[in-house]
Every structure is written in structure tokens, then in C-alpha cells.
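Peer 1: Top line first, the protein sequences correspond to chains A and B.
Each step along the first sequence adds one to the number in my numbering, with nothing skipped, and position 20 is 21.
Each step along the second sequence adds one to the number in my numbering, with nothing skipped, and position 236 is 237.
Incorrect hints may have been included.
Intra- or inter-copy, both count: the list cannot distinguish identical chains.
[Stated by the list, open to error] With a cut-off of at most 20 Å between alpha-carbon atoms, the simulated EDC-like pairs for lysine to aspartate or glutamate come out as follows:
no., residue 1, residue 2
1, 84, 308
2, 353, 287
3, 84, 306
4, 84, 258
5, 267, 77
6, 267, 9
7, 350, 214
8, 354, 299
Honestly, the hints are just simulated from the structure, not real lab data.
Residues per chain are reported as follows:
There are 2 protein chains.
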Amino acid sequence: MELTVTQENFSRALSAVGRVATNKAGLPILNNILLRTDGKRLLVAATNLEIATTQYIGAKIAKPGAITIPARLITEFVGSLPKGSIDLKVTNDNLHISSGHFNSIINGVIADDFPELPTINEESSISYSIGIEDFKQAVSQTIITASNDSTRPVLTGVYWHSHEGNLFLAATDGYRLSERRLVETKSDVSAIIPVQTLQEVLRNINETAEEVDILFDETQVRFRINEAEIISRLVDGNFPDYRQLIPAKSDTKATVDKQEFVRVTKIAGLFARESGGSVVVTVDPDKNTVSLHSVASELGENTSELEAKITGDGSITLNSRYLSEALSVLDTDTLEFSFSGKLSPCILKSTKKDTNYYHVIMPLKS
Amino acid sequence: MELTVTQENFSRALSAVGRVATNKAGLPILNNILLRTDGKRLLVAATNLEIATTQYIGAKIAKPGAITIPARLITEFVGSLPKGSIDLKVTNDNLHISSGHFNSIINGVIADDFPELPTINEESSISYSIGIEDFKQAVSQTIITASNDSTRPVLTGVYWHSHEGNLFLAATDGYRLSERRLVETKSDVSAIIPVQTLQEVLRNINETAEEVDILFDETQVRFRINEAEIISRLVDGNFPDYRQLIPAKSDTKATVDKQEFVRVTKIAGLFARESGGSVVVTVDPDKNTVSLHSVASELGENTSELEAKITGDGSITLNSRYLSEALSVLDTDTLEFSFSGKLSPCILKSTKKDTNYYHVIMPLKS
Numbered sequence: 002m003e004l005t006v007t008q009e010n011f012s013r014a015l016s017a018v019g020r021v022a023t024n025k026a027g028l029p030i031l032n033n034i035l036l037r038t039d040g041k042r043l044l045v046a047a048t049n050l051e052i053a054t055t056q057y058i059g060a061k062i063a064k065p066g067a068i069t070i071p072a073r074l075i076t077e078f079v080g081s082l083p084k085g086s087i088d089l090k091v092t093n094d095n096l097h098i099s100s101g102h103f104n105s106i107i108n109g110v111i112a113d114d115f116p117e118l119p120t121i122n123e124e125s126s127i128s129y130s131i132g133i134e135d136f137k138q139a140v141s142q143t144i145i146t147a148s149n150d151s152t153r154p155v156l157t158g159v160y161w162h163s164h165e166g167n168l169f170l171a172a173t174d175g176y177r178l179s180e181r182r183l184v185e186t187k188s189d190v191s192a193i194i195p196v197q198t199l200q201e202v203l204r205n206i207n208e209t210a211e212e213v214d215i216l217f218d219e220t221q222v223r224f225r226i227n228e229a230e231i232i233s234r235l236v237d238g239n240f241p242d243y244r245q246l247i248p249a250k251s252d253t254k255a256t257v258d259k260q261e262f263v264r265v266t267k268i269a270g271l272f273a274r275e276s277g278g279s280v281v282v283t284v285d286p287d288k289n290t291v292s293l294h295s296v297a298s299e300l301g302e303n304t305s306e307l308e309a310k311i312t313g314d315g316s317i318t319l320n321s322r323y324l325s326e327a328l329s330v331l332d333t334d335t336l337e338f339s340f341s342g343k344l345s346p347c348i349l350k351s352t353k354k355d356t357n358y359y360h361v362i363m364p365l366k367s
Numbered sequence: 002m003e004l005t006v007t008q009e010n011f012s013r014a015l016s017a018v019g020r021v022a023t024n025k026a027g028l029p030i031l032n033n034i035l036l037r038t039d040g041k042r043l044l045v046a047a048t049n050l051e052i053a054t055t056q057y058i059g060a061k062i063a064k065p066g067a068i069t070i071p072a073r074l075i076t077e078f079v080g081s082l083p084k085g086s087i088d089l090k091v092t093n094d095n096l097h098i099s100s101g102h103f104n105s106i107i108n109g110v111i112a113d114d115f116p117e118l119p120t121i122n123e124e125s126s127i128s129y130s131i132g133i134e135d136f137k138q139a140v141s142q143t144i145i146t147a148s149n150d151s152t153r154p155v156l157t158g159v160y161w162h163s164h165e166g167n168l169f170l171a172a173t174d175g176y177r178l179s180e181r182r183l184v185e186t187k188s189d190v191s192a193i194i195p196v197q198t199l200q201e202v203l204r205n206i207n208e209t210a211e212e213v214d215i216l217f218d219e220t221q222v223r224f225r226i227n228e229a230e231i232i233s234r235l236v237d238g239n240f241p242d243y244r245q246l247i248p249a250k251s252d253t254k255a256t257v258d259k260q261e262f263v264r265v266t267k268i269a270g271l272f273a274r275e276s277g278g279s280v281v282v283t284v285d286p287d288k289n290t291v292s293l294h295s296v297a298s299e300l301g302e303n304t305s306e307l308e309a310k311i312t313g314d315g316s317i318t319l320n321s322r323y324l325s326e327a328l329s330v331l332d333t334d335t336l337e338f339s340f341s342g343k344l345s346p347c348i349l350k351s352t353k354k355d356t357n358y359y360h361v362i363m364p365l366k367s
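Given these sequences and hints, build the entire structure.
Peer 2: Written as C-alpha cells, this is what we have:
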């Protein structure tokens, strides 16, 4: 292999794929990045056997070939080089990298030892092109409620599925739940995408990205963003029938300013650290306020109020961290907070008509 | 105690002193911040028995008094409140804090249990007013070479001392040494200031600070920056006679561009991780270059060059981290790098005439 690339392109590609190159599966070669000529391009790829990520960059190729190279060293080295062209040449499984006054040899491993990169069934008809901002928001709004408990794998992913003509994303860890409507669809989709995969896709979005192309086959999903490609396995299993958990109606409703609610929740959370985040939220129709009360047994206590439009009354005990996280992904100035007594879940949503996002939090025992 | 302060001033004061409030000495009350009325001001203070830091803020005082309060909770709480006035009131050793819709009670400890804040002998004549930029630079340039090995306490501080009519700062960890000339002085000074104290003073410098007033007595030093005051013990003992360690002349000299040297050192360091940072620096008078060579036994090797003006020739083995850190505090575009053979120390300094800073690094065995 012998070729020339630009430092800018090569460094960007190495940084993007390098995060996936980790030796979790116990195979040392997974710490390496695969470099392989592909027509007039250089393929730069890494895999951890669950996710494979590939970048293509333009290259002037004098001699085709392939090699794998330790990810961290080459990524940091190329990232530190000045802008301009970089010459790469393989001799005896070693990669010679030179750029101006900088000359390095990095010991590689032959590409034949690298796991084959996964391919997807291109004939699948389940595909979407999603605008980049919608994609980022929908993924951020749902991964936040996924579980990280690997004993229930189906809950460690986001459930992409069709329902009444729309594509929905949903995730739950058993304590909270989120659902986001994304686009209309005529396909019949039901796929659980691992949170790690979605996070990796988010990291591959740069300022030049305009949309994400998504293709599902039976067992895998592929994301394409410009010249980057990520293929991941899907989580095996059936997602629980979460819709039955969302209360159809609530007795108590409060409409509040989001920024004020964020501040009040943060302050209540400071005093709730010693009690597992427990804060009591009380809706008072006489004062037209929502108040949050928390007690740090040895340290003190806090009551913070905010103005609200109220229907009904009552109180509910919630985890302040869950409340903060829900508020952080609610894209609205004014939100509705509703519940029915101390035992059923509370719902947060925008007051916008036809809102596309619901966030549900189970109460704590109080 | 009953008074009103502004959120902005109170929050800034709490953040500034809160860093010192840690329970290192095993006394729980050292986790607390002391609040005490002082005429028309509120004193906000913390101490770890080595460093005491005090801030004065304006207050509308209805009833004088004092209380101590857990540092972390009050700092975070006040920091989260909206701008505006905050009412403080002590009843039964509890501090009631209220601001608009926010009401908290924080359990305190009576101020009598708090260690007495240190005072300094104001009659001492050893005092300096140092411009803020000079102070920041001189401290940053010297603390970097101080030791963190507590078995030799004198090396864990910066040696402030007079020599031939000037005040010098010097620090060494036995592997490297730095010396900075600061101002002219007629006093006879010899004081070792703990690195932690100097770091705390740096953190107290905000954009409104113009100078630092420094006062030494026999065993303590006091720094004043606007309304902040830090009093620290000095390190007991004699600083080694470091001047004899700085070579009077060098056989080999290279003048190089600093930014290029930074990049070359960084890259050489990537390949030197497995060899304890060891890089071989070679000065070549024929090619007019300085080259850095490093070997990562299993991973590969690197040679990077930069152009230089050369006198003499030879090579020396250095720790790339020490070299990087030295370059990070050298305030110059062009620097002189000099040494005499493989065994004596190398010196880095600006090529500016009458430069006020020397950085010395001992070679590694090669």
C-alpha cells in the first residue's frame, strides 16, 4: 500500500472511527484501525463486533493494499501533524507515515486478521432520510430514559417502530419512559437499536451533515451521514407494550414556565441528595403555585415555588434527577405537568398543540 | 444574625472561599464556611489550618452575629438562586435563607467552634505590590517545577528570596528547576510559599484584579486581591542553594521557533509513552536542525526535525513531558536550548536580551 492523503481528512476520519476501536471483546486486533484502498478512496474503519464504523476519504493511490494500525497512536500522531499532505507506505506490516519534517513508523498487523466488516441487505425497503436536527433531538429525547441494566437487553435500546402510520421512538428503564413521534411511514418497522449505537451516530454528526440515511434489515441497521457509515446489530427480543403505561387522563394539571421549573428543580435537588433525590411536588390551586419540597436530614431543607395555571390539586413524590433530565430534553417554553394521585405516573409534555413528545416518570413512595 | 446581601456578591464570595473548606485535618467544622458580620460588611471565610481565605462583601445588617454553614450546600444553593437580594437570618444555629419564592433552612454550627482566623504581623516591612499579569506569569512559571513529594517539604514550595537587589522565585523537584526574577527589592527576603497557597491565590484572581499585595512576617504570608485575603503559613526549612546547579556556560546551543518546538515535542512524546517519556534530542550543525527521536518498543518509532541556528553539536536524552511543560510557560517566540554533553543539565530560555526566566532540565540516562 502506498498513497497520499490530506492531514485534515485523515485526522477527521481517524478520530471518528477511533472511538469504536476498543478491545472489549478480548481480541487485541479490535484496538486497531483498518486502512484499505478502495478505488480512488481510502477506507478507514473500526469495529467492536457490535458496531462497525467506516469513513471514506479521497486519496492519491500509488499502490493499493491494506493494513491495520493501533488506533490511539495513529489518531493522536496524525492529529498532531501540521495541515498538508501525508504520505503512507506499508513495508513488512509496518506503516511509514511522513509529512514534512515528521517521519514515523508504526507497527501494524496484516489486514487479513481483521474481522470482516458487516454488510447490510441493500434490498430491504425499510429506509428513512431524517433531517439532522430532528434526528438529533429525537435520539437525545429517548436515549435518556433507556436502561443501562444489561440483564434486560431490550430496555438498553431505543424501540423504533411504526404505529398508526407514524414512526415512533420509545425507551424506558422501568422508572421513566419517553416517546417521540418522528416521521410518517408506510413500512412496518419494529427494531430495537442499542443506545451505544445511537450515541456513536450522534458523535459522527458534524456541521456539514444535513441528513441521516437509515436502512433496516432483519437483524441490523445502517446509518449514513455524508461519507460515514455505521452498521450495528439490533437488540434481539420484544419491547414491552409501553403504551398501556401512559395514563390516558390526569386529574391534576399544572402549566408552568420551563426555565423556572428547571431552576426550582435544580435547587430542590441540592437538598435531595441524601434522600435519593426525593422531592415532593405539590400543586396548590388556591395560591396558583407548584412547590417543590426536599429535606436533607442533617443539612437542612428547602421549599421552592413557581407560579402555575392549575387544574385539580394534590402532591406527588418524584426523583429530582429524573425531573431535571426530563426538563433538559423538553423543547418548549411552557410545559404541562400532570398526574393523578400519589401512585400513578406523572406526564410532562409541551403545551404546543399536536406535541410529538411525552415524558413519563413513575412516582417514588412517600 | 440577620442581614441582606446580593446574590451576585454572596455567590462569588462563597465560591472563592469554598475551595479551602475541606476536612483534610480531620475536623468536621473545617468543611464549613464562617459567616460573620463585620461593621457594614459580611465576612465569608474558610480555613484548612494551613491556608485561611477571607472575602468581605457589602451587607445591609439588621442584627450582627456569626454562624458556620456546610460549604458545599450553601455554595451550590446560593449559586443556583436568581440574581437579586437574599435575606439571611440565624435562629437556633440554623440559617434561614430566602430569596423570592425560594426558602431554605441550612443547619449550622455555632461560630465559637470555628478555629480562629490567623492574623499577620502588620508591622513587617517586607511587602510588595505586584501587577497582576507579572504575578500570574511568575507563579505559573515556577510552581510547575516544584515537587509534590511531601517527604522533602522545602521542595513543595516556591522559594521567594532577595538576591543582588532583586526578588527571585525559584522551585525545583530535583529533576528540573526554574528561576524567575520578579521585581527590585531592598528587603532581605527568604520565604518558601506552599504551591497550594499560590494556586489558591491564582484562583482568587478575577478580571477586576489589578495587583496583588503581599506581606511577609516571620512565619506567614498574606495576599490581598481587592476584597479577598489569603493568609498562609510558610514552609519551614532552608531551600537548597540551587544557583550552583545552573550551568554557567554550555558547549552546544540551538535557537529554535517555540511553536515548532512545541509541536515536535508533543509528537515525540506520543511515541515516548512506553519509555517513560524518553526522547533523544540531537543538534546537527551540518543540517542546521534539532531532531527528536523516540521509540515505542512494540508500537513504532518517530523522528521529527525542526530548523535551528546551531553552535556546537551533540545529543541529550530528556523527558518529553518536562520539555513540554517548560515550553508551555516560556513566554517567547524564539528560544535558546543549550547543554554540554549528555550528563549536565540543559537550559531553556528566551532569546530576548536580559531575560528574566530560566528553566533547567536534568538529562535522563541514555
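Peer 1: Now tell me if each hint is right for this structure.
Peer 2: Verification of the hints:
Only between protomers do residue 84 and residue 308 lie at most 20 Å apart by alpha-carbon distance; the minimum there is 18 Å, versus 55 Å within a single protomer. Proximity of residue 353 and residue 287 under a CA criterion of 20 Å is satisfied in neither setting, with 26 Å inside one chain copy and 75 Å between copies. Taking the shortest alpha-carbon separations for residue 84 and residue 306, only the inter-copy value of 16 Å comes in at or below 20 Å, while the best intra-copy value is 55 Å. For the identical chains of this complex, residue 84 and residue 258 are inter-copy neighbours only, at 18 Å across copies versus 48 Å inside a copy, given an alpha-carbon limit of 20 Å.
Taking CA atoms no more than 20 Å apart as the test, residue 267 paired with residue 77 passes between copies only; the shortest distance there is 10 Å, against 38 Å inside one copy. In the homo-oligomer, the alpha carbons of residue 267 and residue 9 lie at most 20 Å apart only across protomers (18 Å), although the nearest pairing inside one protomer, at 41 Å, exceeds that limit. Taking the closest pair of Cα atoms, residue 350 and residue 214 never come within 20 Å of each other, the shortest separation being 28 Å inside a single copy and 55 Å across copies. In this homomeric assembly, residue 354 and residue 299 never come within 20 Å of each other (Cα to Cα): the closest approach is 45 Å inside a single copy and 62 Å across copies.
In terms of the numbered hints stated before, the structure departs from hints 2, 7 and 8, listed from lowest to highest.
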